[in-house]
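Going down the list, the sequences are from chains R and B.
Quick note on numbering: the first sequence equals residues 15 to 209 in the numbering used here.
Quick note on numbering: the second sequence equals residues 71 to 548 in the numbering used here.
These are computed hints drawn from the structure, not numbers from a lab.
Wrong hints could be hidden among the right ones.
As the list claims (entries may be wrong) - FRET-style restraints, in silico, Cβ to Cβ:
| # | chain 1 | residue 1 | chain 2 | residue 2 | range |
| --- | --- | --- | --- | --- | --- |
| 1 | B | Ile83 | R | Ile151 | 10 to 20 Å |
| 2 | B | Arg218 | R | Glu64 | 44 to 54 Å |
| 3 | B | Gly253 | R | Ser139 | 18 to 28 Å |
| 4 | B | Ala508 | R | Thr174 | 56 to 66 Å |
| 5 | B | Trp497 | R | Arg199 | 54 to 64 Å |
Unchecked claim - Mimicking DSSO-like on lysine-lysine, the simulated pairs with C-alpha atoms at most 30 Å apart in a straight line are:
| # | chain 1 | residue 1 | chain 2 | residue 2 |
| --- | --- | --- | --- | --- |
| 6 | R | Lys17 | R | Lys182 |
| 7 | R | Lys182 | B | Lys173 |
| 8 | R | Lys182 | B | Lys167 |
| 9 | B | Lys173 | B | Lys229 |
| 10 | B | Lys167 | B | Lys229 |
Predicted, not measured: the structure shown is a model, and the values here were computed from it.
In this text, a Cβ means the ideal position worked out from N, Cα and C, and glycines have one as well.
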Amino acid sequence: MIKFTFYFFSIILIFAAMRLITVRNPVHAALFLVLSFFSSASIWLLLHAEFLAIALILVYVGAVMVLFLFVVMMLDINVTMIRDGFARYMPVATLVGVVILVEMGLVIFSHLPEVQPVVMAADVSNTKMLGQVLYTIYVYPFEIAAVILLVAMVAAIALTHIPRTRMKYQTPSHQVNVRRQDRVRLVKMPTEPKD
Amino acid sequence: MTLIELNMLMPEIILLSMASLILIIDAFLPDDLRDLTYQLSQGTLIGVGLVIFSTYPQQTELALHGMFVTDPMGATLKLFIVGIVFFTFLYSRSYLKERNFFKGEYFTLGLFATLGMLIMVSAHNMLVIYLGLELLSLSLYAMVAMHRDSQSATEAAMKYFVLGAIASGILLYGMSMLYGMTGTLDLNELSQSLSTLDEYHTALVFGLVFIVVGLAFKLGAVPFHMWVPDVYQGSPTSVTLFISSAPKLAAFAMVMRLLVDGMGHLHSDWQDMLILLSILSMAIGNIVAISQTNIKRMLAYSTISHVGFLLLGILTADKAGYAASMFYVVSYALMTLGGFGMILLLSRAGFEAENISDYKGLNERNSWFAFIMLILMLSMMGVPPMLGFWAKFSVVMQLINSGMLWLAIVAVLFAVIGAFYYLRIIWMMYFEKPEETAPIEDTMDMRVAVSANGLLVLGLGLMPHTLMTICLSAFSLV
Numbered sequence: 015m016i017k018f019t020f021y022f023f024s025i026i027l028i029f030a031a032m033r034l035i036t037v038r039n040p041v042h043a044a045l046f047l048v049l050s051f052f053s054s055a056s057i058w059l060l061l062h063a064e065f066l067a068i069a070l071i072l073v074y075v076g077a078v079m080v081l082f083l084f085v086v087m088m089l090d091i092n093v094t095m096i097r098d099g100f101a102r103y104m105p106v107a108t109l110v111g112v113v114i115l116v117e118m119g120l121v122i123f124s125h126l127p128e129v130q131p132v133v134m135a136a137d138v139s140n141t142k143m144l145g146q147v148l149y150t151i152y153v154y155p156f157e158i159a160a161v162i163l164l165v166a167m168v169a170a171i172a173l174t175h176i177p178r179t180r181m182k183y184q185t186p187s188h189q190v191n192v193r194r195q196d197r198v199r200l201v202k203m204p205t206e207p208k209d
Numbered sequence: 071m072t073l074i075e076l077n078m079l080m081p082e083i084i085l086l087s088m089a090s091l092i093l094i095i096d097a098f099l100p101d102d103l104r105d106l107t108y109q110l111s112q113g114t115l116i117g118v119g120l121v122i123f124s125t126y127p128q129q130t131e132l133a134l135h136g137m138f139v140t141d142p143m144g145a146t147l148k149l150f151i152v153g154i155v156f157f158t159f160l161y162s163r164s165y166l167k168e169r170n171f172f173k174g175e176y177f178t179l180g181l182f183a184t185l186g187m188l189i190m191v192s193a194h195n196m197l198v199i200y201l202g203l204e205l206l207s208l209s210l211y212a213m214v215a216m217h218r219d220s221q222s223a224t225e226a227a228m229k230y231f232v233l234g235a236i237a238s239g240i241l242l243y244g245m246s247m248l249y250g251m252t253g254t255l256d257l258n259e260l261s262q263s264l265s266t267l268d269e270y271h272t273a274l275v276f277g278l279v280f281i282v283v284g285l286a287f288k289l290g291a292v293p294f295h296m297w298v299p300d301v302y303q304g305s306p307t308s309v310t311l312f313i314s315s316a317p318k319l320a321a322f323a324m325v326m327r328l329l330v331d332g333m334g335h336l337h338s339d340w341q342d343m344l345i346l347l348s349i350l351s352m353a354i355g356n357i358v359a360i361s362q363t364n365i366k367r368m369l370a371y372s373t374i375s376h377v378g379f380l381l382l383g384i385l386t387a388d389k390a391g392y393a394a395s396m397f398y399v400v401s402y403a404l405m406t407l408g409g410f411g412m413i414l415l416l417s418r419a420g421f422e423a424e425n426i427s428d429y430k431g432l433n434e435r436n437s438w439f440a441f442i443m444l445i446l447m448l449s450m451m452g453v454p455p456m457l458g459f460w461a462k463f464s465v466v467m468q469l470i471n472s473g474m475l476w477l478a479i480v481a482v483l484f485a486v487i488g489a490f491y492y493l494r495i496i497w498m499m500y501f502e503k504p505e506e507t508a509p510i511e512d513t514m515d516m517r518v519a520v521s522a523n524g525l526l527v528l529g530l531g532l533m534p535h536t537l538m539t540i541c542l543s544a545f546s547l548v
């Protein structure tokens with residue numbers, strides 16, 4: 015049964031990943047990415063890595079990909095321009111693909127000694143285990159990571175924020191109350207002599 | 071976490087709380103009170119320095135499940151880092167004001183970068199080392215890019231960011247490989263399990279190579295130095311000053327923690343790698359610096375050559391050598407602080423004194439600052455009895471003591487080649503007519519600080535044993 019589930023999700027994953035790079039519509043591509051995330055999360059569940067699986071679905075599918083979809087829908091992406099380089103990069107891409115295939119083949123057919131997976135007891139929850147060490151043993155790196163996020167925020171604001179005084183905005187009342195002499199200046203100039 | 075452990079972490083805790091507080095205060099300050107941010111930052115640095123001094127440890131102690139370490143070396147380096155950042159802020163103030171660039175973020179990001187350095191210095195776990203490094207780097211990238219209207223600063227920030235990210239990735243890759251082999255991130259456990267894994271030597275060296283490459287990137291050693299000249303030249307000078315001084319001390323600590331504390335067992339392997347890096351750095355740094363016309367770029371290549379010398383002490387792989395390297399890195403930081411401080415002093419709004427020709431006839435314009443610059447250049451060159459001489463001398467002596475006479479000779483040869491470009495500046499200051507005749511105008515504190523900096527280099531050169539004793543006692547050799 016486990017084997018069946020594994021192959022079922024793997025086939026969906028491979029299919030979704032292939033469609034992701036072949037469909038023309040970027041919205042469809044994003045949806046296929048969601049599908050591939052979902053299938054890989056299911057495979058992780060089979061490996062008893064439930065925390066990673068849940069985090070992948072909640073964070074990537076739930077938050078990141080939804081935002082990404084919004085962006086893709088808002089932007090008018092020129093598909094033909096993206097596909098422009100396809101023929102040009104084809105030889106290199108094929109080469110890389112073949113190398114990866116050969117490498118994978120070497121690994122699969124070379125009969126390496128099999129490593130038995132560590133079997134966890136059924137009642138061990140890795141979410142609980144992570145929670146137990148994250149705020150105790152790893153509290154120091156955890157806090158540093160928080161400071162790094164704070165610095166990222168400060169840096170992003172410092173690099174993009176424009177103070178109000180330098181901002182260009184309109185004041186409707188000024189525009190309505192404008193008088194002719196504010197905008198138009200009559201200048202007296204000598205007439206140009208005819209050639 | 072016990073109270074004693076919290077006490078050991080006190081400098082970091084104070085720095086973080088104050089940096090966050092200053093961040094909030096700064097957001098509500100009107101522009102004409104911006105000086106308060108500067109004063110609070112300086113006050114914080116003084117306070118942190120006092121706390122580090124009052125909790126100076128006598129022996130090595132671990133805290134927080136072995137992730138945090140306090141030892142004499144770490145505390146000494148932290149004191150120097152805090153002091154050097156203090157001087158950096160002092161030098162930057164009028165430079166930033168003249169260019170309408172006096173923003174609170176400069177100081178808060180600087181404080182966060184300092185926090186990153188302190189974390190790196192007392193890290194005892196590869197995860198913590200990496201996080202401290204990222205905290206430092208992220209703050210520095212933002213500081214370089216903060217001058218948004220300047221195209222060169224943006225370009226420098228982009229280069230720094232991309233290459234820095236690659237370096238972090240390489241370092242992380244090496245760490246993950248070691249983790250895969252030994253199953254631990256703790257440096258003590260790492261060094262214990264390395265000694266039992268001799269049959270996997272090749273795989274361990276493979277991981278080690280990535281770590282050394284990552285460290286070389288961060289230190290700016292040849293052949294991983296490409297970012298240094300561009301970033302130094304492109305950044306606003308005050309930021310260049312920041313990047314070039316205190317982070318080198320933190321990088322030294324990182325090398326010590328990773329290579330010596332963590333992988334001391336593999337020292338015969340990293341010794342060869344460091345020899346190569348060091349010879350290349352001294353060669354490329356000193357030779358390429360000769361053809362530079364921009365003094366910031368010249369000092370960048372000079373930094374690369376100093377990094378080569380710095381590695382010489384570490385690669386002897388004994389305590390006296392580490393002490394000599396520490397002496398070198400502290401002297402280097404003091405000299406480079408003075409050098410860039412001088413550029414800041416001679417620059418004014420709309421004019422950067424960054425071409426070597428701007429130093430022509432400095433003696434006629436202001437003989438006192440020409441004298442300070444003379445001290446700094448002679449010291450960087452390594453002329454006795456300047457501080458730089460004792461730094462080079464102690465490193466070379468340690469090389470000879472550990473039987474690497476040929477390397478010592480190579481180092482001295484490159485030092486002689488390097489003397490040329492420092493001498494050229496001295497020649498221009500004293501024997502050429504000034505092209506620029508505008509009087510040097512700057513605030514009083516800036517003048518006093520640069521003078522004090524120069525005199526400190528001279529004074530420590532005349533009495534090198536004071537600094538040397540500090541460095542030796544950091545490795546409990548006195």
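Comparing the hints with the structure gives:
| no. | hint | in the structure |
| --- | --- | --- |
| 1 | Ile83/B - Ile151/R: 10 to 20 Å | 19 Å, holds |
| 2 | Arg218/B - Glu64/R: 44 to 54 Å | 45 Å, holds |
| 3 | Gly253/B - Ser139/R: 18 to 28 Å | 22 Å, holds |
| 4 | Ala508/B - Thr174/R: 56 to 66 Å | 36 Å, violated |
| 5 | Trp497/B - Arg199/R: 54 to 64 Å | 58 Å, holds |
| 6 | Lys17/R - Lys182/R | 63 Å, violated |
| 7 | Lys182/R - Lys173/B | 21 Å, holds |
| 8 | Lys182/R - Lys167/B | 24 Å, holds |
| 9 | Lys173/B - Lys229/B | 23 Å, holds |
| 10 | Lys167/B - Lys229/B | 26 Å, holds |
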